[in-house]
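Protein chains: 2
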Amino acid sequence: MIYELYYWPEIQGRGEFVRLVLEDAGCEYVDVGREPDGDARLEAVLSGALPGALPFALPALRAGDLVVAQTAAITRFLGERHGLAPDTEAGRLGALTIALTIADLVAEVHDTHHPTSVDDYYEDQKAAAKARAAAFRRARLPKFLGYLERNLERNDGVLVGPAVSYADLAAFQVVEGLSYAFPRAMARLHGEIPKLLALRDRVAQRPRLLRYLTSPRRLPFNEQGIFRRYPELDG
Amino acid sequence: MIYELYYWPEIQGRGEFVRLVLEDAGCEYVDVGREPDGDARLEAVLSGALPGALPFALPALRAGDLVVAQTAAITRFLGERHGLAPDTEAGRLGALTIALTIADLVAEVHDTHHPTSVDDYYEDQKAAAKARAAAFRRARLPKFLGYLERNLERNDGVLVGPAVSYADLAAFQVVEGLSYAFPRAMARLHGEIPKLLALRDRVAQRPRLLRYLTSPRRLPFNEQGIFRRYPELDG
Numbered sequence: 309m310i311y312e313l314y315y316w317p318e319i320q321g322r323g324e325f326v327r328l329v330l331e332d333a334g335c336e337y338v339d340v341g342r343e344p345d346g347d348a349r350l351e352a353v354l355s356g357a358l359p360g361a362l363p364f365a366l367p368a369l370r371a372g373d374l375v376v377a378q379t380a381a382i383t384r385f386l387g388e389r390h391g392l393a394p395d396t397e398a399g400r401l402g403a404l405t406i407a408l409t410i411a412d413l414v415a416e417v418h419d420t421h422h423p424t425s426v427d428d429y430y431e432d433q434k435a436a437a438k439a440r441a442a443a444f445r446r447a448r449l450p451k452f453l454g455y456l457e458r459n460l461e462r463n464d465g466v467l468v469g470p471a472v473s474y475a476d477l478a479a480f481q482v483v484e485g486l487s488y489a490f491p492r493a494m495a496r497l498h499g500e501i502p503k504l505l506a507l508r509d510r511v512a513q514r515p516r517l518l519r520y521l522t523s524p525r526r527l528p529f530n531e532q533g534i535f536r537r538y539p540e541l542d543g
Numbered sequence: 309m310i311y312e313l314y315y316w317p318e319i320q321g322r323g324e325f326v327r328l329v330l331e332d333a334g335c336e337y338v339d340v341g342r343e344p345d346g347d348a349r350l351e352a353v354l355s356g357a358l359p360g361a362l363p364f365a366l367p368a369l370r371a372g373d374l375v376v377a378q379t380a381a382i383t384r385f386l387g388e389r390h391g392l393a394p395d396t397e398a399g400r401l402g403a404l405t406i407a408l409t410i411a412d413l414v415a416e417v418h419d420t421h422h423p424t425s426v427d428d429y430y431e432d433q434k435a436a437a438k439a440r441a442a443a444f445r446r447a448r449l450p451k452f453l454g455y456l457e458r459n460l461e462r463n464d465g466v467l468v469g470p471a472v473s474y475a476d477l478a479a480f481q482v483v484e485g486l487s488y489a490f491p492r493a494m495a496r497l498h499g500e501i502p503k504l505l506a507l508r509d510r511v512a513q514r515p516r517l518l519r520y521l522t523s524p525r526r527l528p529f530n531e532q533g534i535f536r537r538y539p540e541l542d543g
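Chain order of the listed sequences is Y and P. In this text, residue positions in the first sequence follow the numbering used here: the first is 309, and each later residue adds one. In this text, residue positions in the second sequence follow the numbering used here: the first is 309, and each later residue adds one.
Hints are computed from structural coordinates only; laboratory data are not their basis. Owing to the predicted nature of the structure, the values given are computational and were not obtained by experimental measurement. Just to be clear, a hint being listed does not mean it is correct.
Which copy is meant is left open, so a pair is good if it fits within one copy or across any two.
[As the list claims (entries may be wrong)] Subject to a maximum C-alpha distance of 20 angstroms in a straight line, what follows is the list of computed EDC-like cross-link-like pairs (lysine to aspartate or glutamate):
1) Lys438 x Asp347
2) Lys451 x Glu351
3) Lys434 x Glu540
4) Lys451 x Glu461
5) Lys451 x Asp428
6) Lys451 x Asp427
7) Lys438 x Asp428
8) Lys503 x Glu343
9) Lys438 x Glu416
10) Lys451 x Asp542
11) Lys451 x Asp345
12) Lys451 x Glu388
13) Lys503 x Asp542
14) Lys438 x Asp464
15) Lys438 x Glu336
16) Lys434 x Asp542
17) Lys438 x Asp427
18) Lys434 x Asp339
19) Lys438 x Glu540
20) Lys438 x Asp345
21) Lys451 x Glu500
22) Lys434 x Glu336
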């Protein structure tokens, strides 16, 4: 099985949550957006070229005849197939719950720089972004990271189940992204999230992920993605 | 199996997506928030009283030893157990993809009246809300509803699979909510979403749902919920 990942080639974005699972599981996959005809194929998928339910947005994943979109749904699908999810139904429900909560956090990060209109430039909504980012740093960021920390306290070392799952890979990615975008706000929170930072470090050392993260396949964060370093939004 | 739904008792909110599945499937359930000790039990659940992964927010559902939070994950769980999901893996992936996309739409509806801070009053962010709602009506609302319409065109009558699924119930609810909150914007779009409106009507006539919707258990929409009728946000 060679998976096809459909995502924008210039950014980590939401696609990176899928790439991490594919890489950690050692899956063979084509990152279609980086192929020579990538742009046209991404547009075709958004226009309905694949079977099944349409993707509203990318990422989307094709696995033979199966197609799935929505980041958390894709990572669940891959995680359950490739040993990156708990075996029990209780654990699987927990992993999906946490992955979806991280997806909500990612959406709120996006809204810090696009609080009014996703279709307009950041520069055209800077005042609103400053207000939204302040509320995010003050209330939402500590609440979401505290939520992950409390799950780690309850479950000893990983977020759910007995071993690293796709939920943990998502937690790694969101901590990396937040550390890039909000270095000052994150530094102030470090003392409150020791287990989450330890999980981040542990995930980063997984052999396949370490190879990926130090390879040219891992794009750098940038100001076209979701996690953007705008110092004026970091308080 | 008697399910326990944990959700705020004063609003439809995200909990309503779960109630619709429980009601349409004829499940026995306790709407815990409406019990005499409901408030304390909701707070206990948010503090970690149930086993498994913590819920970041409500709704949460308990099914014996199983606990799941996040609206789309709950409705998937119930839908797949009770005949409100496709039988095939392709169909199940499609239903989850669509239900998660509807959840994203619901989050954007919420942000029309809370564009800056979820923890502050609407009255304290009215100017930002007006700008966000304008962008929502202009670009996001037609895009999301057009997405649902195109899925109905591809799949003939229901969003995914051969019969009504939890994704269709979610589509019903979001059309109902949007029609309450944005009656003028929705009226302008009616000509472009005939299949979605037909689905809404069809779902509303399902016998168990019809009984529920006309019962006192169905709370009215109000301005404490997600779908709020603020005429100044409806253009």
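Hint-by-hint comparison with the structure:
1. Neither within a single protomer nor between protomers do Lys438 and Asp347 lie at most 20 angstroms apart by alpha-carbon distance, with minima of 33 angstroms and 35 angstroms respectively.
2. In this assembly of identical chains, the alpha carbons of Lys451 and Glu351 lie at most 20 angstroms apart only when taken from different copies (16 angstroms versus 37 angstroms within one copy).
3. In this homomeric assembly, Lys434 and Glu540 come within 20 angstroms of each other (Cα to Cα) only inside a single copy, at 9 angstroms, whereas the closest approach across copies is 23 angstroms.
4. Taking CA atoms no more than 20 angstroms apart as the test, Lys451 paired with Glu461 passes inside one copy only; the shortest distance there is 15 angstroms, against 41 angstroms between copies.
5. Taking the closest pair of Cα atoms, Lys451 and Asp428 come within 20 angstroms of each other only across two copies (15 angstroms); inside a single copy the shortest separation is 28 angstroms, beyond that limit.
6. Taking the shortest alpha-carbon separations for Lys451 and Asp427, only the inter-copy value of 12 angstroms comes in at or below 20 angstroms, while the best intra-copy value is 28 angstroms.
7. Taking the shortest alpha-carbon separations for Lys438 and Asp428, both the intra-copy value of 16 angstroms and the inter-copy value of 16 angstroms come in at or below 20 angstroms.
8. In this assembly of identical chains, Lys503 and Glu343 lie within 20 angstroms of each other by CA distance neither inside one copy nor across copies; the values are 39 angstroms within and 37 angstroms between.
9. With identical chains, the CA atoms of Lys438 and Glu416 are at most 20 angstroms apart both within one copy (13 angstroms) and between copies (19 angstroms).
10. In the homo-oligomer, the alpha carbons of Lys451 and Asp542 lie at most 20 angstroms apart inside one protomer (17 angstroms), although the nearest pairing across protomers, at 32 angstroms, exceeds that limit.
11. Proximity of Lys451 to Asp345 under the C-alpha cut-off of 20 angstroms is found in neither arrangement, the shortest distances being 42 angstroms within a copy and 26 angstroms between copies.
12. Taking the shortest alpha-carbon separations for Lys451 and Glu388, neither the intra-copy value of 28 angstroms nor the inter-copy value of 31 angstroms comes in at or below 20 angstroms.
13. In the homo-oligomer, the alpha carbons of Lys503 and Asp542 never lie at most 20 angstroms apart, since the shortest distance is 23 angstroms inside one protomer and 45 angstroms across protomers.
14. Taking identical chains as interchangeable, the C-alpha atoms of Lys438 and Asp464 are never at most 20 angstroms apart, the minima being 37 angstroms within one chain and 45 angstroms between chains.
15. For the homomeric pair Lys438 and Glu336, neither the shortest alpha-carbon distance inside one copy (42 angstroms) nor that between copies (47 angstroms) is at most 20 angstroms.
16. In this assembly of identical chains, Lys434 and Asp542 lie within 20 angstroms of each other by CA distance solely inside one copy; the values are 13 angstroms within and 24 angstroms between copies.
17. In this assembly of identical chains, Lys438 and Asp427 lie within 20 angstroms of each other by CA distance both inside one copy and across copies; the values are 18 angstroms within and 16 angstroms between.
18. Neither within a single protomer nor between protomers do Lys434 and Asp339 lie at most 20 angstroms apart by alpha-carbon distance, with minima of 33 angstroms and 43 angstroms respectively.
19. Taking the shortest alpha-carbon separations for Lys438 and Glu540, only the intra-copy value of 7 angstroms comes in at or below 20 angstroms, while the best inter-copy value is 24 angstroms.
20. When the C-alpha separation of Lys438 and Asp345 is checked against a cutoff of 20 angstroms, the pair qualifies neither within a copy, at 38 angstroms, nor between copies, at 41 angstroms.
21. Taking identical chains as interchangeable, the C-alpha atoms of Lys451 and Glu500 lie at most 20 angstroms apart only when both belong to the same chain, with a minimum of 11 angstroms there against 40 angstroms between chains.
22. Proximity of Lys434 and Glu336 under a CA criterion of 20 angstroms is satisfied in neither setting, with 41 angstroms inside one chain copy and 49 angstroms between copies.
Comparing the model with each earlier hint shows violations of hints 1, 8, 11, 12, 13, 14, 15, 18, 20, 22; every other hint is respected.
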